Structures are given as C-alpha cells and as structure tokens.
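In case you want the letters, here they are:
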Amino acid sequence: NAGVTQTPKFRVLKTGQSMTLLCAQDMNHEYMYWYRQDPGMGLRLIHYSVGEGTTAKGEVPDGYNVSRLKKQNFLLGLESAAPSQTSVYFCASSSWGAGTDTQYFGPGTRLTVL
Amino acid sequence: AQSVTQLGSHVSVSEGALVLLRCNYSSSVPPYLFWYVQYPNQGLQLLLKYTSAATLVKGINGFEAEFKKSETSFHLTKPSAHMSDAAEYFCAVSDTGFQKLVFGTGTRLLVSP
Numbered sequence: 001n002a003g004v005t006q007t008p009k010f011r012v013l014k015t016g017q018s019m020t021l022l023c024a025q026d027m028n029h030e031y032m033y034w035y036r037q038d039p040g041m042g043l044r045l046i047h048y049s050v051g052e053g054t055t056a057k058g059e060v061p062d063g064y065n066v067s068r069l070k071k072q073n074f075l076l077g078l079e080s081a082a083p084s085q086t087s088v089y090f091c092a093s094s095s096w097g098a099g100t101d102t103q104y105f106g107p108g109t110r111l112t113v114l
Numbered sequence: 001a002q003s004v005t006q007l008g009s010h011v012s013v014s015e016g017a018l019v020l021l022r023c024n025y026s027s028s029v030p031p032y033l034f035w036y037v038q039y040p041n042q043g044l045q046l047l048l049k050y051t052s053a054a055t056l057v058k059g060i061n062g063f064e065a066e067f068k069k070s071e072t073s074f075h076l077t078k079p080s081a082h083m084s085d086a087a088e089y090f091c092a093v094s095d096t097g098f099q100k101l102v103f104g105t106g107t108r109l110l111v112s113p
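Chains Y and Z supply the protein sequences, listed in that same order. Sequential numbering from 1 applies to the first sequence in this note's numbering. Sequential numbering from 1 applies to the second sequence in this note's numbering.
Careful: at least some of the hints might be erroneous.
For lysine to aspartate or glutamate, the following DMTMM-like pairs were computed, each having C-alpha atoms within a straight-line distance of at most 25 Å [claimed, not checked]:
| hint | chain 1 | residue 1 | chain 2 | residue 2 |
| --- | --- | --- | --- | --- |
| 1 | Z | Lys-49 | Y | Glu-30 |
| 2 | Y | Lys-9 | Z | Glu-15 |
| 3 | Z | Lys-49 | Y | Asp-38 |
| 4 | Z | Lys-49 | Y | Glu-79 |
| 5 | Z | Lys-49 | Y | Asp-62 |
The hints are simulated quantities; they were obtained by calculation from the structure and are not laboratory data. None of the values given here were measured: they were computed from a predicted structure.
Work out the full structure: start from the sequences and follow the hints.
This is the structure:
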C-alpha cells in the first residue's frame, strides 16, 4: 500500500504559468481533500470531494480548480499562477468525512511562484 | 462557525519533562476533535481523536488529551518528552456537517537534551 502519493514533490513556476498537481490514493477512500500550508496559518482547505465526480469549495478556493474523474485521483489545477500561491500543498483522503474519520495525508508538494 | 485556537506557536521542553500543548475550540454542535502531528518534511498523521465516547483519549506515542466541555478545551499532554517528539502539532475541530476539519495554526514542540 502506497497510501496517498503526490506528484510532483517540488515545482517552480513563473507568474502566469499553469500547472496540475496530482494526488492518488490506493485505499478506496470516498473523500479527498486539498490543503495549503503557510507559515503561521496552519492548514487551509482549498477544495474537497465526497466521491467520484463531485467537488466542493473549501475555505480558500480562489485561483484553483479541481477534478475527480476517477475515485482514486484528485487533481488540483492552477490556471494562472501568482506569487501568493507559493505554498506547500497537501492532499488527504478518508473513508468517511474528515469530521469523524482519520485523514491520511500525502507527503506534500512544495510550489514556488516567481 | 467552528474554530480552534492553539496557544503558543512554539513550546520548548527538556527531554523527560511534561509536554502540554493547549487547544481551545468553538463549536455550535457537539464537536469531534483531533490532534495531528507533522514531522519535518512530512505530511500530517493522526495522533488521537475525540468522538464523544470517553473524555480522556489516548493516542499514539504516549500522548493523551482530555475533552473538557466546560472549558471548551482539548489540551494534549505527554508525561515525559522524548527527542523524537519534536514536531509540529495541529488541533482540529469538525465542521457542522462533519465532512471537513478546521485546523488551528499549529504549535511547534522543541525538545532539548
């Protein structure tokens, strides 16, 4: 079991460029989440999904889009990167909602936008 | 709205000393509460969770937390710190629909020899 994996681990973008972060889980979990972590601000939820084909906005969705075409994958897209999106991004998954169930986190993607 | 407050962005203890990390919550419904730990350059992992069963919850690595409704607190403790406990600790509360968590800003635990 690989658990939750994230691709890539590091990325440097220029302002205005686009990219997609891939999250994959092999635990057959229904719920998947994308967070960003910034110093002194904890983890903030960007978007989440309660099942294949569904997505919902979290606390800080602006500038990001997501898709969950397959149950095991959750993609996070940045259409036009901005320096304010420099952050560490974490994906997580859980069988049931994170409000009751254990979330399993990926190792993170460190993104720098110049 | 649900929220958590973690007092102290950094806590320093000596090896063998008591660890106390503070968390206070605000919730409009009976909450589920969590502590997650993040070791350097890793993702978060669950330390323990309160789901309205026992008010004293035991977690991994000797940590425990007590739910106190009257104080709206869920402080994390460990009787004797170990060097390997150095990490960042996050308290989190469930949202009203129990689909999401609201995380605190984290407390970095430093353990000195």
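Okay, the hints, checked on the actual structure:
With a C-alpha separation of about 20 Å, the suggested pair Lys-49(Z) and Glu-30(Y) falls inside the 25 Å cut-off, and the hint holds. A hinted pair counts as satisfied when its Cα atoms are at most 25 Å apart, and Lys-9(Y) with Glu-15(Z) does not qualify at roughly 33 Å. This hinted pair checks out: Lys-49(Z) and Asp-38(Y) have alpha carbons roughly 24 Å apart, not beyond 25 Å. Note on Lys-49(Z) and Glu-79(Y): the hinted pairing is violated, with a Cα-Cα distance of about 37 Å set against a maximum of 25 Å.
For the hint linking Lys-49(Z) to Asp-62(Y), the alpha-carbon distance of about 31 Å lies beyond 25 Å, and the restraint is violated.
The structure shown violates the earlier hints numbered 2, 4, 5.
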